[in-house]
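S.K.: For reference, the chains in residue letters:
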Amino acid sequence: GAVVSQHPSWVICKSGTSVKIECRSLDFQATTMFWYRQFPKQSLMLMATSNEGSKATYEQGVEKDKFLINHASLTLSTLTVTSAHPEDSSFYICSPGLGGGTGGKMRGTEAFFGQGTRLTVV
Amino acid sequence: AQSVTQLGSHVSVSEGALVLLRCNYSSSVPPYLFWYVQYPNQGLQLLLKYTSAATLVKGINGFEAEFKKSETSFHLTKPSAHMSDAAEYFCAVSSGTASKLTFGTGTRLQVTL
Chain A
52 GAVVSQHPSW VICKSGTSVK IECRSLDFQA TTMFWYRQFP KQSLMLMATS
102 NEGSKATYEQ GVEKDKFLIN HASLTLSTLT VTSAHPEDSS FYICSPGLGG
152 GTGGKMRGTE AFFGQGTRLT VV
Chain B
34 AQSVTQLGSH VSVSEGALVL LRCNYSSSVP PYLFWYVQYP NQGLQLLLKY
84 TSAATLVKGI NGFEAEFKKS ETSFHLTKPS AHMSDAAEYF CAVSSGTASK
134 LTFGTGTRLQ VTL
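Quick mapping for you: the protein sequence lines, in order, are chains A and B.
Count along the first sequence from 1, add 51, and you get the number used in our numbering.
Count along the second sequence from 1, add 33, and you get the number used in our numbering.
Same shape as in the complex, but just chain A:
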């Protein structure tokens, strides 16, 4: 299966600061990266989809200026939570889209996830 590395696994930051989360695909190239958010005792909700070399697309209700996504290469996508507030405390997980790029698998047959990042804003 695909290997996805997400860093950091947990972070505590002060309110008003910014936090960057990295997601790397280690053994394949991902033209697309899905970013999910999971609040305590809730399910995963798709926040945005990053696309290598172009702008990310955001789900309804997700502020694009607050959650900056960069997908500059086929193996790295980053999510930056800017001016974080306590309500941004959540579990953030990335998942590469495997329908494109070299080494990708058939669309929709599999979904791999990073280890997740537990963000706590105090």
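Derived by calculation from the structure, the hints in this document are not laboratory data.
Glycine included, each C-beta is placed from N, C-alpha and C at the ideal position.
Any given hint might turn out to be false.
Unchecked claim - Here are some of the chain B residues that sit facing chain A, going by a computed Cβ distance under 7 Å:
(1) A50
(2) L134
(3) F136
Claimed, not checked - Quick list of the computed label-pair ranges, beta carbon to beta carbon:
(4) B:E104 to A:S66: 41 to 51 Å
(5) B:T145 to A:P91: 38 to 48 Å
(6) B:T88 to A:S66: 33 to 43 Å
(7) A:K92 to B:E48: 45 to 55 Å
With chain A's structure known, arrange chain B on it following the hints.
M.R.: Showing chain B alone in chain A's frame:
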């Protein structure tokens, strides 16, 4: 459009008893269906997946699920629960669009002695 409904946010079984976690889906195209397990403060681990091949899918840790198109269901079962099965379980559906998933709300499985 696609959606997933997991009946029962919390299921409790005795060790050794049958595990049944329910999942119903809605999809406008033939779906791909997944079950994931999540342990506290960890990411998701794929248990099994349905991709239009065999309707009875066997996964890891003794879990299996049966795709029933007529019932739009994909329930997860395990004949005999183990304490280590206690976790959160998510059912998810994909329409095949580059692995974008829609998740159910999750079911927390508790296993008691």
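S.K.: Between K92 of chain A and E48 of chain B, does the C-beta distance stay in 45 to 55 Å?
M.R.: violated (24 Å)
S.K.: Given F136 of chain B as an interface hint, is the shortest Cβ-Cβ distance to chain A below 7 Å?
M.R.: holds (5 Å)
S.K.: So the hint says 33 to 43 Å: do the beta-carbon atoms of T88 of chain B and S66 of chain A match that?
M.R.: Distance hint for T88 of chain B, S66 of chain A is violated at roughly 50 Å.
S.K.: So, A50 of chain B near chain A? Judge it on the closest CB pair being under 7 Å.
M.R.: Violated, because the Cβ-Cβ distance from A50 of chain B to chain A comes to roughly 24 Å (cut-off 7 Å).
S.K.: Quick check: does the Cβ-Cβ distance between E104 of chain B and S66 of chain A fall within 41 to 51 Å?
M.R.: holds (48 Å)
S.K.: For the range 38 to 48 Å, tell me whether the beta carbons of T145 of chain B and P91 of chain A fit it or not.
M.R.: violated (23 Å)
S.K.: Holds or violated: is the Cβ of L134 of chain B closer than 7 Å to a Cβ in chain A?
M.R.: This hint holds: L134 of chain B lies near chain A, its Cβ roughly 5 Å from the closest one there, short of 7 Å.
Of the numbered hints listed earlier, those contradicted by the structure are 1, 5, 6, 7.
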